[in-house]
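Student: Listed below, chain by chain, are the residues.
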Amino acid sequence: MTPQLLINGISLGSVYALIAVGFALIFNILKFSNFSHGGLMSVTAYIGYVACVFLGHYIKDLPLFVVTLVAAALGGGLLALVVERVAFRRLRNSNSSVIYYFISSITMGILMENSITIFASSNFYSYPSFFPASVIRFGALSVAIPDLLTFLFSAAALVILLVVLFRTKIGLAIRSTSFDTSTAKLMGMDPNRVVAATFFASGVLGGVAGVFLGINYTLYPQLGQLIVKGFVASVIGGLGSISGALIGAVLLGVVEIFLIGLVGAGWSPVVIFVIMLVFLLLRPRGISGVIVQEKA
Amino acid sequence: MKKYSVLVLIGVLVGIMALLAGYSPAVGAPAKEIIIGNLQDISGPTSVWGSAVTRGAELAAEKMNAQGGINGAKIKMITLDTKGDVQEAIKAFNRLVDQEKAVAVIGPPISNIGIGLAPVADAKKVAFVGSFADPRATVGEDGKVHPSMFLVQPSTVQYGEIMASYAVEKLGLKKIAILYDQSNAYAVSLMAPFKAYAESVGAKIVDEEMYGKTDRDYRTQLSKIKSSGADCVFAPNYIQGLVITAKQAKQLGLTMPFVGALDYAAPFASLVNDPEATNNIYFANNYSDSEPQLTEVRKAYKAKYNEDPINKVYLGYDKMLVVVEGIKKGGGATPDKIIEGLNKVSGLQGTTGVITISPKTHQPVGLSMVMYYIDHGVYKDLGRYVPAKHKQQQ
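Heads up: the sequence lines are chains A and B, in that order. With numbering that gives the first Met the number 0, letter number 110 in the first sequence gets 109, and the count goes up by one each step, no holes. With numbering that gives the first Met the number 0, letter number 11 in the second sequence gets 10, and the count goes up by one each step, no holes.
No lab work stands behind these hints: they were computed from the structure. One thing to keep in mind: the hints can contain errors.
To be verified - Label pairs and their calculated CB-CB ranges:
no.	chain 1	residue 1	chain 2	residue 2	range
1	A	Ala195	B	Pro291	56 to 62 angstroms
2	A	His56	B	Glu61	30 to 36 angstroms
3	B	Lys301	A	Leu151	40 to 46 angstroms
4	A	His56	B	Thr213	35 to 41 angstroms
Stated by the list, open to error - Cross-link-like lysine to any residue pairs, in silico, SDA-like; alpha carbons within 25 angstroms at most:
no.	chain 1	residue 1	chain 2	residue 2
5	B	Lys303	B	Ser289
6	B	Lys90	A	Gln221
7	B	Lys327	B	Ala65
8	B	Lys225	A	Arg136
9	B	Lys225	A	Ile135
10	B	Lys303	A	Asn122
11	B	Lys82	A	Ile105
12	B	Lys31	B	Arg94
13	B	Lys75	B	Asn342
14	B	Lys379	B	Asn272
15	B	Lys174	A	Val262
16	A	Lys59	A	Tyr124
17	B	Lys75	B	Lys328
18	B	Lys225	A	Ile9
19	B	Lys225	A	Leu261
20	B	Lys124	B	Asp80
21	B	Lys212	A	Val273
22	B	Lys212	A	Ile105
23	B	Lys123	B	Ile77
24	A	Lys59	A	Asn122
25	A	Lys59	B	Glu306
26	B	Lys90	A	Ile117
27	B	Lys82	B	Ser182
28	B	Lys82	A	Asn122
29	B	Lys143	B	Asn93
30	B	Lys225	A	Pro2
31	B	Lys31	B	Lys123
32	B	Lys212	A	Val270
33	B	Lys301	A	Ala50
34	A	Lys30	A	Arg284
35	B	Lys223	B	Asp273
36	B	Lys62	B	Lys327
Said to hold, decoys possible - So the derived list for chain B, only partly shown, Cβ under 8 angstroms to chain A, looks like this:
no.	residue
37	Ser42
38	Val47
39	Gln220
40	Gln239
Note that CB positions come from ideal geometry on N, CA and C, so glycine has one too.
Work out the full structure: start from the sequences and follow the hints.
Tutor: Okay, here's the thing in structure tokens:
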């Protein structure tokens, strides 16, 4: 039973990881917790669904899955650019306090979620089955294909992000801006473009996460509220650390699954939030050890 | 400059408010209008149901208005949002009654809201007609009926007993595991009568597992159920939970029958979209899809919204029918007369059956349920089912 629980925990953790990595990316650069990411995931899940319905007449299975992912990812990227422009750019230009970023992000999240509620809440929707066999079995153990894909995409997203951050010019610009915006500006970088690029990347990840959430849990406007789990994973992993977010998310998934087995579903969230509190009190920099302070 | 921009902003906001107020139906509503409130979750976690109930009630109101209204007065429905939250629901109810002057209010299919609002509706003396199936929404803990609360579908006691009877007495399943959402009053209130009835007819509850509102992985609970030796699983949960349960049960190779509530009705099977995961499931529905009284509503709904209605649309339609019947039976469209009339509703043909409201419990009497079986994603109508114990009581 334990190896199966471990597999279940890792697969749940990989869902959290996709959320947490997109969340951590913005914290890494702008030093605030972007809760609008939840609303963005809800919207992109529906964008992917609409693309899937229209294109489902022409293509099926794996090609349809890939096109759906691309549509949601691009939609997420573009939406994130709009969010950055509308909700955060003026705040950055006026060096506003972090509390305004927080309020603005919550507001944008609610706005996006409620927009979906208006246009798509008369019924439940779900993605079609993209894969003929949805479970792979290894003796007594089993892995769901969407879980496996989520895990692979989380890992791939991290690798691509790290490559972009540490091996490309835009990555260098992002890291410089993250370290000191004023100096980066003096060195000829355009902070607006760098921040926009970061939001685009975060939106792409949000789009991919939205599709996987939709596949696993069906579509409903409040789907993005799982952002809370991404936040908990980010705290455990180390706010602002991308690799930390991934580790924290997988750890959160595994701990959650084992806790349900040990203390039951009623007590499990209590213990999880106590763990989060312990991290905040004793090791606020999380597992990864990155020290990032909220933007002031 | 800053001062000007603040003034402009305030001016724009006031302008928008004024424009919206122009559309407000509350102030100075014409005498030939009957204001009926509609309190639904429009933006919260059960917004899909809230929208469905609203659309169903609107269809009924439109039909009645097209036929000349009630004694020449047109129905005007005003919808406010509960956001899925009891406190928001109380605020919205007060606004509907005090400001919008609603003479009766249609309620949501959410037991938590019904229970929370019962004392408020009683104090305001305005009828609140809903499908909050937990009997505590209509009859208090002291056994006294809530004068303003009315239910238009079988209570969870009737419902739980019907499902327990079907599982144990009809299907012969004697060892039962239960998987339920502990944060959901509907699921919790179905459990007790189900367990009591099942045990009274010789079944044993071998495992009881729960999950929370935000949980999305039930594989640990399902693994425990798998090794519990149960013959079947009773899962009286909302649709999102049932979809996850079906997918994860398949992954774990759990093939025993599931017995559940209304939420296994369409679109459940199409949402899971996997014939193997949607197999061997029994549930009780308010109606049969083949029943003729549904045809007109289904046709009107499809023509207006270009999609098939879900079961909450029919419940919304019936709630409006019941309120209108209350107005007719009470002899007037005032809150007190409507409450008086609702106590007299008898033999009303609704979409979900023939509705008679008991003045003692404010719950419908004699409403049977239609049993369904899901066979590899295909819904099969097993006919209306009444437990032997209920037949004896009738």
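Student: All the hints need checking, so say for each whether the structure fits it.
Tutor: These are the hints, each one checked on the structure:
1. A/Ala195 - B/Pro291: 56 to 62 angstroms: 59 angstroms, holds
2. A/His56 - B/Glu61: 30 to 36 angstroms: Given about 34 angstroms between the Cβ atoms, the range holds.
3. B/Lys301 - A/Leu151: 40 to 46 angstroms: Distance hint for B/Lys301, A/Leu151 holds at roughly 41 angstroms.
4. A/His56 - B/Thr213: 35 to 41 angstroms: 36 angstroms, holds
5. B/Lys303 - B/Ser289: 21 angstroms, holds
6. B/Lys90 - A/Gln221: Judged against 25 angstroms, a Cα distance of about 22 angstroms means the pair holds.
7. B/Lys327 - B/Ala65: 17 angstroms, holds
8. B/Lys225 - A/Arg136: Holds: B/Lys225 and A/Arg136 sit about 17 angstroms apart, inside 25 angstroms.
9. B/Lys225 - A/Ile135: 19 angstroms, holds
10. B/Lys303 - A/Asn122: The given pair, whose Cα atoms are some 14 angstroms apart, holds under the 25 angstroms limit.
11. B/Lys82 - A/Ile105: Given pair B/Lys82, A/Ile105 holds - Cα atoms ~16 angstroms apart, limit 25 angstroms.
12. B/Lys31 - B/Arg94: 21 angstroms, holds
13. B/Lys75 - B/Asn342: 23 angstroms, holds
14. B/Lys379 - B/Asn272: 17 angstroms, holds
15. B/Lys174 - A/Val262: Answer holds: B/Lys174 to A/Val262 is near 24 angstroms, not above 25 angstroms.
16. A/Lys59 - A/Tyr124: 18 angstroms, holds
17. B/Lys75 - B/Lys328: 19 angstroms, holds
18. B/Lys225 - A/Ile9: 21 angstroms, holds
19. B/Lys225 - A/Leu261: 17 angstroms, holds
20. B/Lys124 - B/Asp80: The hint holds at about 21 angstroms.
21. B/Lys212 - A/Val273: The given pair, whose Cα atoms are some 18 angstroms apart, holds under the 25 angstroms limit.
22. B/Lys212 - A/Ile105: 21 angstroms, holds
23. B/Lys123 - B/Ile77: Distance of about 18 angstroms is within 25 angstroms: holds.
24. A/Lys59 - A/Asn122: Holds, at about 24 angstroms.
25. A/Lys59 - B/Glu306: 23 angstroms, holds
26. B/Lys90 - A/Ile117: Roughly 21 angstroms between the alpha carbons, so the hint for B/Lys90 and A/Ile117 holds.
27. B/Lys82 - B/Ser182: 16 angstroms, holds
28. B/Lys82 - A/Asn122: 17 angstroms, holds
29. B/Lys143 - B/Asn93: 23 angstroms, holds
30. B/Lys225 - A/Pro2: 16 angstroms, holds
31. B/Lys31 - B/Lys123: With a Cα-Cα distance of about 23 angstroms, the restraint between B/Lys31 and B/Lys123 holds, given a limit of 25 angstroms.
32. B/Lys212 - A/Val270: 16 angstroms, holds
33. B/Lys301 - A/Ala50: The hint holds at about 23 angstroms.
34. A/Lys30 - A/Arg284: 13 angstroms, holds
35. B/Lys223 - B/Asp273: 23 angstroms, holds
36. B/Lys62 - B/Lys327: Given that 25 angstroms is the threshold and the Cα spacing comes to 16 angstroms, the pair holds.
37. Ser42: With Cβ-Cβ at 5 angstroms, under 8 angstroms, it holds.
38. Val47: This interface hint holds because 5 angstroms falls under the 8 angstroms limit.
39. Gln220: 7 angstroms, holds
40. Gln239: Holds. Min distance 6 angstroms.
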